[in-house]
Amino acid sequence: MELKYIPSGDSAFIIKAGDVISEEVNLVVRKLLKRLEEENIPGVTDFIPSYNELMVCYDPAKIGYRRLLETLRACAADPAAILLPAPTVVHVPVLYGGEAGPDLHHVAEHNRLAARDVITIHTSADCLVYMLGFTPGFCYLGGMDKRIATPRQETPRLKIPAGSVGIAGEQTGIYPMESPGGWQLIGRTPLRLFNPDSKPEFLFSAGDYIRFYSVDKDEYERIAAAVAEGTYQVIRTPKE
Amino acid sequence: MATVIVHTAGLLTTVQDRGRYGYQRFGMPVSGAMDVFSLELANLLVGNDPGDACLEATISGPELEFTGATWIAITGADMDPHLNGQGIPMNTAVDVRPGDRLGFRGLRSGCRAYIACAGGITVPPVMGSRSTYLRAGIGGFQGRALMPGDEMPLGEPLGKPGLKKIPEGLIPEYKHEQTIRIISGPEAHYFEIAGLRSFLSTEYTVTAQSDRMGYRLSGEPIRHKEGMTNIISAGISLGTVQVPGYGQPIILMADRQTSGGYARIANVIAADLTLIAQMRPGDIIRFKETTLVQLNQKTSSFK
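Chains as they are written, first to last, in my numbering: chain A, 1 to 240; chain B, 241 to 543.
Bear in mind the hints are in silico, worked out from the structure with no lab data behind them.
Note that the Cβ used here is the ideal one computed from N, Cα and C, for glycine as well.
There is no bait here: all hints are sound.
With a straight-line cut-off of 25 Å between C-alpha atoms, the simulated DSS-like cross-links for lysine-lysine are:
#	chain 1	residue 1	chain 2	residue 2
1	A	K34	A	K4
2	B	K465	A	K4
3	A	K16	B	K465
A few chain B positions that, by computed beta-carbon distances, are all more than 10 Å from chain A:
#	residue
4	I245
5	W311
6	Q326
7	R341
8	G346
9	Q382
10	P401
Footprint (simulated), chain A over chain B, 3 or more residues, beta carbon under 8 Å:
#	stretch
11	259-267
12	367-379
13	469-483
Start from the sequences, fold in the hints, and give me the full structure.
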């Protein structure tokens, strides 16, 4: 699809790369983000990449929309020629079931599977981080196997602990902060998705892949302690 | 070094600067002053950088004590400020001595007052900003609204500016009814013609469910075309007007989430956000369409 340039008021422009959720469209969004960041356009204040759009925020007192639009068009002339570094797989330990994942059995029953099959399926596919949003550090993930898809809970829980791993429809995700929510909780990770006192502050970036792996209670506690001390090294490998 | 001590906090008083930019791609809201124009004027009067951190007081003001000699300025909502019981003018630099107490007697106009102190409020910056983001408990004074007993450090004053008072013509009038200019949004075509007509020709009332995240309005429902309520989650900018399925518009403000899934009917232009930030529940908004081309012509004619 041809890129569309749409004003979002007088202090942001949207570059729309497509009308669907797809890895191809999202790749274009991420390529444009990289290219425009490199351009370092004076007056541009921030970027919000999403599934199929890149929002470019600017200060209208510093750059007029005509000049901005010209620069955006020039930078986005040939997205195919923009190269991104090889994606990273972030390995995310999860304690499945029990208190950490009270809905694991419900997800299994709903899909006529054994609980251990749900874990096997959930840990077997790499999930693309399409975008972050909703709350600080929340990832919109693609790539979950439909065999474990489960509708949301009818009555949302009032308090879901940070790190909870859940399923909502055909999506899987991790709660970065304690919050209310209706996802089916299958486990919990000891990793912190957002820590304003560490560098980088966020565990994931758009374009990363997440690979969940199962840990037992002892391993969970050991990692949680290391995370609290700031000594835990997150496992990151290049995507093959 | 001078500090500010909080004796009473007012309804909702937080430390805010221009906001936390650069992290929206991680889902981190910008926060910052709701009325950036007033924040900048306040800083200008005390000789600060225009984006330095001030106190943003909502509806009712705090009672503050200054431990050192400095100078301050109050802009935005007029809450009838007093220094040691004596009325002081708005939009004007005022000297304070050690032990002086600043109080507010009641709201006379607007909704949010900005209290700037020479040198700025120098709480530690978090991710490049001193703005308070209440929902995640980040920034400002310990990530929360001010409470009695809090004591905040002030920075080194840069020097007294020549400007003592903001000329009156520069300060917008905070009326209970405002016409707000908007630019058509990316999903304006998701709405019925009748819905767009409602949006642009009827009045919307600011509801009590309005806060730093967004202004929820109530009025004639804005009808979507059949099945065109939601979009693929996408970015939201300051002043985006989104319309969920029930047809009532929400204007997204300083603490807005970075992305959302409701159709974006329009965006309020930057210059008019200062008016919205000074509106209270019960106030009335009329939307008026403009375009980037029109706005640009106006700016050029000033030059």
